[in-house]
Amino acid sequence: MSTLTLKNISVKYGRTTVVHDISLTVNNGDIGCLLGPSGCGKTTLLRAIAGFEPVSAGQIQLGEQLISSADKHLAPEQRNIGMVFQDYALFPHLTIADNITFGIRKQSRSEKQQRTTALLQLVNLSGYEKRYPHELSGGQQQRIALARALAPRPKLLLLDEPLGSQDLELREVLAREVRDILKREGTTAILVTHDQQEAFAMADEIGVLRDGQLQQWDRGYQLYHRPANRFVAEFIGQGALLPGEVTDEYSVATPLGAISTGLPVGCEPGCPLSILIRPDDIQLSENGEHSAEITARTFRGAEYLYTLQLADGNQLLALARSHRVHEVGNQVRFTLDLQHLVTLRQATGSEHGKLINS
Amino acid sequence: MTGVNLKQRAWQLVLTAMALLVALPILAVFAYLFIPAAEVWQHLAETVLADYLRNTIWLVLGVAAGVLLLGIPAAWLNSMCQFPGRALFEWALLLPLAMPAYIIAYTYTGMLDFSGPLQSLLRDITGWGYGEYYFPEVRSLGGAILMLSLVLFPYVYLLARAAFLEQSVCVLEVSRTLGCSRWQSFTLVALPLARPAIITGLSLALMETLADFGTVQYFGVPTFTTGIYRTWFGLGDSAAAAQLAAVLMSFVFVLILLERWSRHKARYHHTSNKYSRLPKYQLRGRQAWLATLICALPLLLGFIIPVLQLAWWSLTTADTGFDAGFIELIWHSLLLAAMAAFFALLLALVLGYGKRVNNDPLVSFTSRIAAMGYAIPGTVIAIGVLIPFTWMDRQINAAGNWLFGASPGLLLGGTLFTLLFAYNVRFLSVSLQTVEAGLGKIKPTIDDAGRSLGLGAFGVLQRLHLPLMKGTLLTALLLVFVDVLKELPATLILRPFDFNTLAVRAYEMASDERLADAGLPSIMIVAAGIIPVILLSRSITRARAGGN
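Residue numbers (this note's numbering), protein chains in the order written: chain B, 29 to 386; chain W, -18 to 529.
Here chain B stands alone, though its shape is the one from the complex (with noise of 0.2 Å):
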């Protein structure tokens, strides 16, 4: 196991530039993520670590060991690097066992029997040895890939879209146990995904991918709570965004009044400024400062997510309880429980009272 590091790598198909300058570290024995919507890169750059790809700058090192770049490339069968695919690529002349084996084929008999063994119990497979890869279900077949990307104990797993092609219910329960069996073999891993929900079940962080640049790295909280720029604001959760101005260096102008900003915002007093409101920053209370319409209404289950319109036409997301239920149409009261504010610069005035549903 080892740490991965990528400075500064670009990729190229053709003359057409796919990924950028991208820089990141993942520590030994964490999970990593690229998420991004699709064209983004994410998966070209999956492919240049695994060494499918060749990068046009930059280098990508993996312990030690420096595997990539303008001027190197190993190639990927000596990289030591395991890779689950999105479609499991698992190969169908051969029985579940030769599967697992195939990568550590040159071990001795009985090496590889403990490890079939060892590997099968891990992924809760035991006594799969003899099927064949048709014989089995999808979220099986996707274990066995991870077995068998495992079993030669590389320096580092790549999984692309390793959930990607399996039932919605299904998924949260896999990503989990994926998780346990990365964390319980201790290895360094980097999953590429479009679905957010899958990352942060999955990695200990996350790096958002637009265009080829990197926007941001970090915990899926601070993606959260602390988006670095308007994209991964909006491309992480829902919310909405409130038109403000800067009063003076810690205080912000909004529908809702001022608002003190904690932070200096790094601005002129008078500039525009956008406040990111999250659904959870809203709570509705019979005896709140605030009013609003309530225009729409969709049921989640555990709760309800409230669109609400403030009198300037500015709309808001609120989640509730679904305890008690507002009808469309009522007015409701409600407080703002802002802990980290988030404010992003603007570049229109146009965008006021966007609301972010991804």
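It is worth saying that the hints were derived from the structure and are not from the lab.
This list has only true hints and no planted wrong ones.
Straight-line C-alpha distance at most 27 Å; calculated BS3-like pairs for lysine-lysine:
#1 B:Lys134 <-> W:Lys451
#2 B:Lys158 <-> B:Lys140
#3 B:Lys35 <-> W:Lys(-12)
#4 B:Lys183 <-> W:Lys424
Far from chain B by the CB rule (all over 12 Å, computed), these chain W residues:
#5 Ile16
#6 Glu20
#7 Ala26
#8 Ala31
#9 Gly108
#10 Ser121
#11 Arg163
#12 Phe232
#13 Phe234
#14 Ala277
#15 Ala305
#16 Thr371
#17 Val514
Cβ atoms here follow ideal geometry from the backbone N, Cα and C, with glycine treated the same way.
Mind docking chain W on chain B? Use the hints.
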């Protein structure tokens, strides 16, 4: 330059070189277009060229009409209707593909000539004598059209049938609800939708027609293929032969373009992804008998009757014909076909896998050129191989003389190597297409998974692709094997002195008017030809069994 780029360049170089080598004969023939016309060419142009052109055009038009008439009704009945014998006809209508045109030509000549069974019977019944009645001459342009149509219509049948089956029932039912009768929904909806597939089948059949040498040679119908052969051997003029070949090639290119274009079109004509089983019209009474007849006739004429005749000839000549010489003949044929099939497979694997590992425009372009050989007549390929090989032999001999004062003689020309090379030029596309289809079914992530588990590029091929493609590889071997076994003109021109194969023996016996003696080698070729037909029909039934 990184290691990756160097490796990529190396692949490009190897693949391009291989593709160019295979394209060499085609290029050689075209190079002669730019050499000033020799006297022989002048002579040809003044005397026979018009004949060649006229005969070739009539042949192409006639066979086009013939294969459409035989192929489309049979395809329609098989895919849309239910009638006695349909299940049998479905695959049996492919059997004429096993019959090389030159063999069916010998067979019908034997059956229909003056001393043949049909005319003898006619005379016995009527009491007519020689010259007292009219009987159509099979050894004519019309006869050649009929022979070629009888064995080539399965191309149209096969592709039209697949197209009809792929049409969703809905479009046909919609047309019925909009007031079309059955016949109208066929002519207004089904046929136009199937047109690209039918044109593809037609152009394949016409490529074979242009390539045909045995039939027209035997029937004395001068066309380009026989003209090339005559100019090369009779007049000894390679330039004129090559120029004739180049003219023939331009016909072929028209067909290639037509085929490409219609295949391209076909993609837009898919009406549905859901292939529900078609409810077939149940035909009854006279309609049913007519349908059976329409399907039975081409099968009888194109396969069953000639096979019976060949079997009869083989039986009558077996005790004298089946001697040590004949066993050597079989051995030669099998050896040659097996070697050619093996080399073609090897080349196809390198090209196909190279393209997979390193997919860039140059490589896919050159491999497409390399795969063009199938459309090119055997006579043209023979000329195209001989010209550069003779030139190289001459250079080698000159160098030998200059260096050692001795010339090594013919190193390339007239050897088995030349013949094998020509076979590869002609049949590489068969194995390449099969291998590419097989590789296409293996997901690219399988390669990546192999690499990430410690295999190199060769290891992936050896440990993953080859085991996964066992069936495909066997198919590729078999298809080329049988094609080589049937091949006549290139073998005739390029074989080493006194090296005979079954096809050459059949040709020689027929040319010597010893038709009965041609039966034994012929029926063996036909028997081998049935193998790919079985493979084909099996893949058809399997495709149907899937249902969706």
